[in-house]
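K.L.:
Listed in order, the protein sequences are those of chains A and P. For the first sequence, full-length UniProt numbering begins at 1 and goes up steadily by one. For the second sequence, full-length UniProt numbering begins at 1 and goes up steadily by one.
Because the hints were derived from the structure by calculation, they are not lab data. Ideal placement from N, C-alpha and C gives every residue a C-beta, glycine not left out. Don't take every hint at face value.
EDC-like cross-link-like pairs, simulated, lysine to aspartate or glutamate; straight-line CA separation at most 20 Å [what the hints assert, rightly or not]:
#1 A/Lys-22 to A/Glu-128
#2 P/Lys-397 to A/Glu-36
#3 A/Lys-22 to P/Glu-381
#4 P/Lys-2 to A/Asp-9
#5 A/Lys-57 to P/Glu-387
#6 A/Lys-22 to P/Glu-134
#7 P/Lys-2 to A/Glu-5
#8 P/Lys-170 to P/Glu-134
#9 A/Lys-22 to P/Glu-391
#10 P/Lys-58 to P/Glu-235
The following label-pair restraints were derived from C-beta to C-beta distances [as the list claims (entries may be wrong)]:
#11 P/Asp-131 to A/Val-123: 47 to 57 Å
#12 P/Leu-260 to A/Gly-18: 51 to 61 Å
#13 P/Glu-284 to A/Asn-12: 19 to 29 Å
#14 A/Val-123 to P/Asp-127: 32 to 42 Å
#15 A/Lys-6 to P/Pro-25: 43 to 53 Å
#16 P/Glu-284 to A/Glu-128: 39 to 49 Å
#17 P/Lys-2 to A/Asp-23: 42 to 52 Å
Stretch by stretch, here's where chain A covers chain P in the computed footprint (C-beta under 8 Å, at least three residues) [stated by the list, open to error]:
#18 238-244
#19 339-347
#20 382-396
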Amino acid sequence: MAYSEKVIDHYNNPRNVGTLNKDSKFVGTGLVGAPECGDVMRLQIEVGEDNVITDAKFKTFGCGSAIASSSLATEWLKGKTIDEALAIDNMDIVEELALPPVKIHCSVLAEDAIKSAINDYRVKNGLEAIALEKSHH
Amino acid sequence: MKQPIYLDNNATTPLDPRVLEAMLPYFTEKFGNAASRNHAFGWVAEEGVDYAREEVAKLIGCTEKEIIFTSGATEADNLAIKGVFEMYKEKGNHIITAVTEHKAVLDTCKHLEKNGARVTYLGVKEDGLIDLAELEAAMTPETILVSIMYGNNEIGVIQPVKEIAAIAHKHGALFMTDATQAVGKIPVDVNADGIDLMAFSAHKMYGPKGVGALYVRRKNPRVKVTAQMDGGGHERGMRSGTLNVPGIVGLGKACELCRLEMESEAIRLSALRDKLESTLSQMEESYVNGNTQHRLPHVANISFKYVEGEGLMMAMSDLAVSSGSACTSASLEPSYVLKSLGLSDDLAHSSIRYGLGRFTTEEEIDQAIEVTQKAVNHLRELSPLWEMFKEGIDLSKIEWAEH
Chain A
1 MAYSEKVIDH YNNPRNVGTL NKDSKFVGTG LVGAPECGDV MRLQIEVGED
51 NVITDAKFKT FGCGSAIASS SLATEWLKGK TIDEALAIDN MDIVEELALP
101 PVKIHCSVLA EDAIKSAIND YRVKNGLEAI ALEKSHH
Chain P
1 MKQPIYLDNN ATTPLDPRVL EAMLPYFTEK FGNAASRNHA FGWVAEEGVD
51 YAREEVAKLI GCTEKEIIFT SGATEADNLA IKGVFEMYKE KGNHIITAVT
101 EHKAVLDTCK HLEKNGARVT YLGVKEDGLI DLAELEAAMT PETILVSIMY
151 GNNEIGVIQP VKEIAAIAHK HGALFMTDAT QAVGKIPVDV NADGIDLMAF
201 SAHKMYGPKG VGALYVRRKN PRVKVTAQMD GGGHERGMRS GTLNVPGIVG
251 LGKACELCRL EMESEAIRLS ALRDKLESTL SQMEESYVNG NTQHRLPHVA
301 NISFKYVEGE GLMMAMSDLA VSSGSACTSA SLEPSYVLKS LGLSDDLAHS
351 SIRYGLGRFT TEEEIDQAIE VTQKAVNHLR ELSPLWEMFK EGIDLSKIEW
401 AEH
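So that you can see chain A by itself, here it is in the shape it has in the complex (with noise of 0.2 Å):
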């Protein structure tokens, strides 16, 4: 299968890659897919002062579009708020990657591991979970 230009850059020079510390409490952590589906994203973001995400890091274990679709989350996070980083849609990622119908579910768990970044950012802090509107199978 062809990859798109932009799949093979984020691929062959992913951006942001490493981790923080996920005990800080402007630190949200989320951890999304399973091994055994052959795709698991770690995505964290830092919070800083009136809710911007001020860095933002993955780890992933998965195709080239799950690396890449993480890779561009994580670009796209840096500077945004939260409420700005809540409106992120998959589809949004499948349009800027080129994403083939088999691999739209790359960016679907992009998106879970925004959401769930966010939800542990806001657990820590006292806040309420957003429920996740998507439900993916």
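Place chain P on chain A using the hints.
P.N.:
Coordinates of chain P only, in the frame set by chain A:
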């Protein structure tokens, strides 16, 4: 774009130029129908077919009359299994095979189940070999056929065919083997091994695609199969259809070359394979799949834990290899062969099959080692699972959000 290094010789092999040279005249000046008895065009074509039949027979230690040319191993598997089932149905309806067989055997058996066959699918031990005691226990008076492959296409393990044949014969059943990966790579002798029917193909041994053969024993016992293709009664009535003369000549030439070069080639390839395998298996958390004593000389199948197979293939785009997972389809299907060895889904997904061949050089193996190491290391740096493993977290204790 630079051509990747070809290490997928279990999928298909390149045509040896010497084979092509032998085939070419049969496309042009020697174009006759081998069944034409009345003129020189037919005789010349028939000479080509006779040469091929002799070479095929020499390679596997049988007589010329025991070779039925087909379009490939899949057709030969179908002809053998369906043909035996129909011919011997008075005697019984039970067939024994194994879960690690090629789809050409498994799906043929599934088809026959709809037509009244009872099929036993033997499991394999974690080294990929069947358990002979289990085979013995599965034999019944109704068992007419035992079909177990010679060498496995994914992991290269060689089944104990001689012992399997003896068990089948003791209980009055025929023994058939799909030897597509073995013929031309290791010595295969149908009499020494006790084989009654054997399927194989030209394109796995540097011959052309679209041609193969079925060996059908003529003595002790005389085996008969019901034709699956009706027509002019070619191939002693077992496979009608005008002979693919250029292809058959190619198969013959491929067999001749394998017979002459197999011994030294097996030594060369197993040395290269061992170099590849021993270097890569020194990497942390990498595992060699399948029995390493009883196996083909040119195959290595290695799992690299905590990296995902498709991502790995992408990082290894300089190599043409196969992955143990078919995740380009909508659903993720890890290899059923690796799963039958007891590998978990994630380890099956993370496996790579290297298939070496006649044109593989040591330089290419050195490059393959380097590319693989780089790719695995790159992906592990990206892998949250690798990080957790390194921190000593037990991944099986984590509640994963299934998706």
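K.L.:
Are the hints correct? Go through all of them and say.
P.N.:
Hint check results:
no.	hint	result
1	A/Lys-22 to A/Glu-128	19 Å, holds
2	P/Lys-397 to A/Glu-36	14 Å, holds
3	A/Lys-22 to P/Glu-381	18 Å, holds
4	P/Lys-2 to A/Asp-9	18 Å, holds
5	A/Lys-57 to P/Glu-387	14 Å, holds
6	A/Lys-22 to P/Glu-134	52 Å, violated
7	P/Lys-2 to A/Glu-5	17 Å, holds
8	P/Lys-170 to P/Glu-134	15 Å, holds
9	A/Lys-22 to P/Glu-391	14 Å, holds
10	P/Lys-58 to P/Glu-235	18 Å, holds
11	P/Asp-131 to A/Val-123: 47 to 57 Å	52 Å, holds
12	P/Leu-260 to A/Gly-18: 51 to 61 Å	57 Å, holds
13	P/Glu-284 to A/Asn-12: 19 to 29 Å	23 Å, holds
14	A/Val-123 to P/Asp-127: 32 to 42 Å	48 Å, violated
15	A/Lys-6 to P/Pro-25: 43 to 53 Å	51 Å, holds
16	P/Glu-284 to A/Glu-128: 39 to 49 Å	42 Å, holds
17	P/Lys-2 to A/Asp-23: 42 to 52 Å	47 Å, holds
18	238-244	violated (count 0)
19	339-347	holds (count 3)
20	382-396	holds (count 7)
Checked against the numbered hints listed earlier, the structure breaks hints 6, 14, 18; every other hint is satisfied.
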